[in-house]
Amino acid sequence: MTHPEELLADYVDGTLGDDERAVVVAHLEGCAACREEVELARTAVQALAALEEEPVPLGVTGPVLSEAGRRSERRRTELWGRVQWIAGAAAAAALVLVVAVSLDLGGSDDEAARTLGGDAAAESAVPAPEEGSDPSATIEGVEQQIGVNYTDEGLRTLAQESAVERDAMLGATAGDGAAGATGATGATGGAGEAETEDEGGDVAFAGPGPAIACLRSAGAPVDAPRDRLIRLIEAEYEGTPAYIAVFSEGPGADQAADRVVIWVISTGDCQILTLLQQAL
Amino acid sequence: MPDRGDRDEDLVRRHLSGDRGAFAMLVERHERRVYNLALRMTGREEDARDATQEAFLTALRKLSSFRGEAAFTTWMHRVTVNACYDLLRKRQRQPLLDRGGEDELPRPEPPPAPDHADDTAFSIDVRRALLEVPEDFRVVMILHDVQDLPQDEVAAILGVPVGTVKSRLHRGRIALARALHVERERGGAPGPSDGSVTL
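Keeping their order, the protein sequence lines are chains A and B. My numbering puts the first residue of the first sequence at 1, with every later residue one more than the last. My numbering puts the first residue of the second sequence at 1, with every later residue one more than the last.
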């Protein structure tokens with residue numbers, strides 16, 4: 001007896017056309033072995049459907065993002081080297097041209113030098129980064145949590161706190177801007193204890209300019225219309241000085257936020273140290 | 001600046017043109033599927049973490065060779081499957097005492113609270129039984145039955161004809177059901193399996 005094995009997976013899935021299904025049904029009536037196989041396959045499909053998707057443990061992709069940052073930086077350096085070479089070559093070409101023109105027209109060396117300076121400046125000009133609306137308008141500043149060292153666990157706590165605080169802020173009629181004062185409780189030290197120097201006290205804030213520039217350089221969504229910066233912290237992450245930026249993010253520009261996303265960026269070189277997200 | 005509405009292929013282009021946030025968004029978008037594929041393939045969280053990192057690092061290195069003939073999802077799954085195969089091969093070469101694989105999926109304790117414990121024990125049974133199925137069959141089931149990818153996409157990921165996917169799917173399911181039966185017959189008795197399942 002020839003068994004229609006190539007059809008049995010689709011038969012179990014219920015995706016066969018009428019004709020092929022009729023062939024299988026007719027075969028199964030007379031083939032106990034295939035009937036048993038179909039029953040077994042159905043059992044397996046049900047068992048697999050019961051497997052739930054597991055959340056990705058914290059920190060899994062952190063090293064990947066760090067490597068991506070380093071590669072991007074190398075590319076940028078190479079590109080900058082090329083730009084400088086081109087600028088140098090262009091300046092040299094301009095010098096030759098200006099000298100030639102000066103000789104022809106009897107112009108002075110001073111004029112040539114002034115022209116050269118102008119051209120070189122134009123060639124080496126680097127476009128300024130695009131500036132959107134001020135992304136720091138939604139925060140009080142950079143919370144200074146000096147000496148506080150966040151681990152992945154601390155970041156998770158911070159994400160949960162931020163989600164709760166965001167809900168509280170949305171529910172309150174007037175915010176007093178002090179929601180961030182509990183932030184340090186999300187951090188853990190090496191021994192797993194919270195290192196809070198100012199719990200319940202005032203939180204020191206610094207101007208957000210350098211932090212925002214660093215975040216922007218790392219590719220954080222500071223200018224994305226669907227993201228809102230709700231907290232910006234300067235502390236340490238796994239012993240590395242870092243900016244920790246907490247965003248509430250929605251699926252689109254005008255849609256309600258559905259998650260909190262935390263970007264952790266090295267303050268030294270603005271590289272991504274890790275990313276974390278928490279559904280609201 | 002990348003946007004969540006960007007297609008994967010747009011993010012690849014942005015990454016290659018120097019947009020630092022684009023790769024991070026690709027990772028964010030795919031890490032869950034990649035990690036879960038690796039977890040089901042390897043059966044150990046530690047291995048799944050390693051395979052996930054390796055898959056994304058490979059993607060980072062090879063993204064410039066991604067030509068867009070296949071969807072990025074297909075390509076990323078292929079990279080992940082290869083990372084899992086590499087890791088499983090490495091693990092097979094390790095001395096038995098160093099593997100520690102049997103510790104990762106502990107036998108369920110006798111259930112004190114029947115309702116929820118039954119689900120947990122069943123889930124662990126399935127995860128264990130899945131590891132008894134040969135890798136080439138296991139991967140087809142994970143992609144199709146767990147991650148809901150259509151057979152033609154599974155074929156594209158694995159680089160095999162669709163007919164081979166159908167055949168492996170059917171044989172793999174039967175092997176899984178038999179392994180599941182063995183797991184339940186075995187009850188709570190610990191001990192590694194000989195890995196043989198009738199296909």
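Worth double-checking, as some hints may not be accurate.
Which bits of chain B does chain A cover? Going by a derived footprint, with three or more residues having C-beta under 8 Å, they are [unchecked claim]:
hint, stretch
1, 19-25
2, 45-57
3, 77-85
4, 154-164
5, 175-185
Label pairs and their in silico Cβ distance ranges [claimed, not checked]:
hint, chain 1, residue 1, chain 2, residue 2, range
6, B, Arg93, A, Glu140, 42 to 50 Å
7, B, Arg93, A, Gly209, 49 to 57 Å
8, A, Gly239, B, Thr58, 52 to 60 Å
9, B, Arg7, A, Thr15, 43 to 51 Å
10, B, Arg32, A, Arg71, 41 to 49 Å
11, A, Gly14, B, Thr73, 38 to 46 Å
12, B, Val160, A, Ala89, 50 to 58 Å
13, A, Ala256, B, Arg7, 18 to 26 Å
14, B, Thr73, A, Gly17, 24 to 32 Å
15, B, Gln92, A, Ala89, 50 to 58 Å
16, B, Leu16, A, Ala33, 12 to 20 Å
Source of the hints: derived by calculation from the structure; they are not laboratory data. All of these numbers come straight from a predicted model, not from anything done at the bench. Note that the Cβ used here is the ideal one computed from N, Cα and C, for glycine as well.
To see whether the hints hold, each was checked on the structure:
{"no.": "1", "hint": "19-25", "verdict": "holds (count 6)"}
{"no.": "2", "hint": "45-57", "verdict": "holds (count 6)"}
{"no.": "3", "hint": "77-85", "verdict": "violated (count 0)"}
{"no.": "4", "hint": "154-164", "verdict": "violated (count 1)"}
{"no.": "5", "hint": "175-185", "verdict": "holds (count 4)"}
{"no.": "6", "hint": "Arg93/B to Glu140/A: 42 to 50 Å", "verdict": "violated, 56 Å"}
{"no.": "7", "hint": "Arg93/B to Gly209/A: 49 to 57 Å", "verdict": "holds, 53 Å"}
{"no.": "8", "hint": "Gly239/A to Thr58/B: 52 to 60 Å", "verdict": "violated, 28 Å"}
{"no.": "9", "hint": "Arg7/B to Thr15/A: 43 to 51 Å", "verdict": "violated, 28 Å"}
{"no.": "10", "hint": "Arg32/B to Arg71/A: 41 to 49 Å", "verdict": "violated, 24 Å"}
{"no.": "11", "hint": "Gly14/A to Thr73/B: 38 to 46 Å", "verdict": "violated, 24 Å"}
{"no.": "12", "hint": "Val160/B to Ala89/A: 50 to 58 Å", "verdict": "holds, 52 Å"}
{"no.": "13", "hint": "Ala256/A to Arg7/B: 18 to 26 Å", "verdict": "holds, 24 Å"}
{"no.": "14", "hint": "Thr73/B to Gly17/A: 24 to 32 Å", "verdict": "holds, 27 Å"}
{"no.": "15", "hint": "Gln92/B to Ala89/A: 50 to 58 Å", "verdict": "holds, 56 Å"}
{"no.": "16", "hint": "Leu16/B to Ala33/A: 12 to 20 Å", "verdict": "violated, 53 Å"}
In this structure, the hints that do not hold are numbers 3, 4, 6, 8, 9, 10, 11, 16, in rising order.
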